[in-house]
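All chains, please: the whole structure from these sequences, using the hints.
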Amino acid sequence: MKDKRILYVSSEVVPYLPETEISSMSFEAPRLVNQQGGQIRIFMPRYGNINERRHQLHEVIRLSGINLVINDLDMPLIIKVASIPKERIQVYFIDNDEYFKRKATLTDEDGKLFSDNDERAIFFAKGVIETVKKLNWSPDVIHVHGWLASLLPLYLKEYYKDEPLFNESKIVTSIYNQSFNNSLNKDMLNKIKFDNINEGAVNVLEEPTYNNLMKVAVDYSDALIEGSESIPEDLKSYLEASNKPVLEYKNKDEFGEAYTTFLNTNVLS
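Using the working numbering, the letters of the sequence shown correspond one by one to residues 76 to 344.
In case anyone wonders, no lab produced these hints; they're calculated from the structure. A virtual CB, placed ideally from N, CA and C, is assigned to each residue, including glycine. Hints are supplied without guarantee of correctness; some may be wrong.
[As the list claims (entries may be wrong)] The calculated EDC-like cross-link candidates involving lysine to aspartate or glutamate, where the alpha carbons are at most 20 Å apart (straight line), are:
hint, residue 1, residue 2
1, K245, D215
2, K245, D297
3, K268, E134
4, K236, D328
5, K176, E134
[What the hints assert, rightly or not] Distance windows between CB atoms, simulated:
hint, residue 1, residue 2, range
6, Q111, D147, 36 to 46 Å
7, K209, A316, 19 to 29 Å
8, D237, N142, 13 to 23 Å
9, T336, D262, 39 to 49 Å
10, S312, A276, 19 to 29 Å
11, A276, K311, 31 to 41 Å
12, E238, G140, 34 to 44 Å
13, T95, N242, 27 to 37 Å
As C-alpha cells, this is what we get:
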C-alpha cells in the first residue's frame, strides 16, 4: 500500500469514542495502511461528547467557514483536527453547532434516534467531500464505515460526479451489524431530492431504514467488506446480487493480510 492515498470516512473512531466493531476497525485499518507506507486521512463527526481538550482538537480556520445547503438552509461547516497519539495519523472532524453540539452521538438519553439524523448524514457527506476538495487531496480509495457515513458514495457519484479530484477514486463500504430500529426521518428522500439527485436512484429511501440506507451505499460503491461476522440476511443477499467484489468477514488476526490483498487485487488493480 506504499504511497497509496486512502480516505477513511467513519461515523466513529477510537480513541475518540468507545470501542465498537466500527470504531475499532476505523482505527485498525488506517493504522495498518499507515504502517505499510500509505497516506492516510480519517474523517468523522465532531459529536458533542468528544472531549476536545483531552484529545487536543483544534479548529482549522483555512478549511472552515463555508456553508453547506441542507434542505434549503445554509449550515456553517466547521473543521477541527487532531492526531491519534503514537500513530502520526490525522483525524479531521466535521462540526456544526446545530447538528453536533449536543452531548450525544446518534440517540438521546432514552435511546431514541435524533429526528435530524438524516440531515446530519447529508451534512457529513457533503462536509467531507468539500473539505477534501479544499485540501486538494485526491484519494485512490475511499473507505466508508457506519450508517451515518453511508450517503457519501451516493453524493460522490451523483452530486459531485463532475468533480475531477475524485475521477479515479474507488469507493469501498464496510457493512456492519451495528444498525438501528425503525427508520430515520420520513422526509429524508425529499431532502436528498432537493440536491437534484435522481429519485429513481434512491427511491428505496422512502423507507429510510438501516438496511435501505446500506443498500444505497452498496449501489454506489465499487467494492464491499463484511465488517461483522453476522449481517442482516437481507443485506447479505443484496451483497451477493451486486456482482461487486466482496471481502467476507475476517477476524482481527486474519484481517490485515486479507484487507491489503483485497485492496490491491480487487479495488486498485
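(Q) 19 to 29 Å was suggested as the range; check whether the CB atoms of S312 and A276 agree with it. (A) Cβ of S312 to Cβ of A276: about 20 Å, so the range 19 to 29 Å holds.
Q. Does the Cβ pair D237, N142 satisfy 13 to 23 Å?
A. holds, 20 Å
Q. Hey, K176 versus E134, does the alpha-carbon distance stay inside 20 Å?
A. Holds, at about 14 Å.
Q: Determine whether the Cβ-Cβ distance between E238 and G140 falls within the hinted range of 34 to 44 Å.
A: violated, 20 Å
(Q) Just to be careful, I want the Cα atoms of K245 and D297 compared with a cutoff of 20 Å; is the pair within it? (A) holds, 6 Å
Q. Taking the CB of Q111 and the CB of D147, does the distance hold inside 36 to 46 Å?
A. holds, 44 Å
(Q) With the threshold set at 20 Å, check whether the alpha-carbon distance from K245 to D215 stays at or below it. (A) Holds, at roughly 6 Å.
Q: Look at the Cβ atoms of K209 and A316 and judge whether their distance stays inside 19 to 29 Å.
A: Between K209 and A316, where Cβ atoms are some 38 Å apart, the hint is violated.
Q) Cβ-Cβ distance between T336 and D262: within 39 to 49 Å? A) holds, 43 Å
**Q.** C-beta pair A276, K311: status relative to the range 31 to 41 Å that was hinted
**A.** Since A276 and K311 have Cβ atoms about 22 Å apart, the given range 31 to 41 Å is violated.
Q: Compare the distance between the alpha carbons of K268 and E134 with 20 Å, and conclude whether the hinted pair is satisfied.
A: violated, 32 Å
Q: Evaluate the given range 27 to 37 Å for the C-beta pair formed by T95 and N242.
A: Distance hint for T95, N242 holds at roughly 34 Å.
In terms of the numbered hints stated before, the structure departs from hints 3, 4, 7, 11 and 12, listed from lowest to highest.
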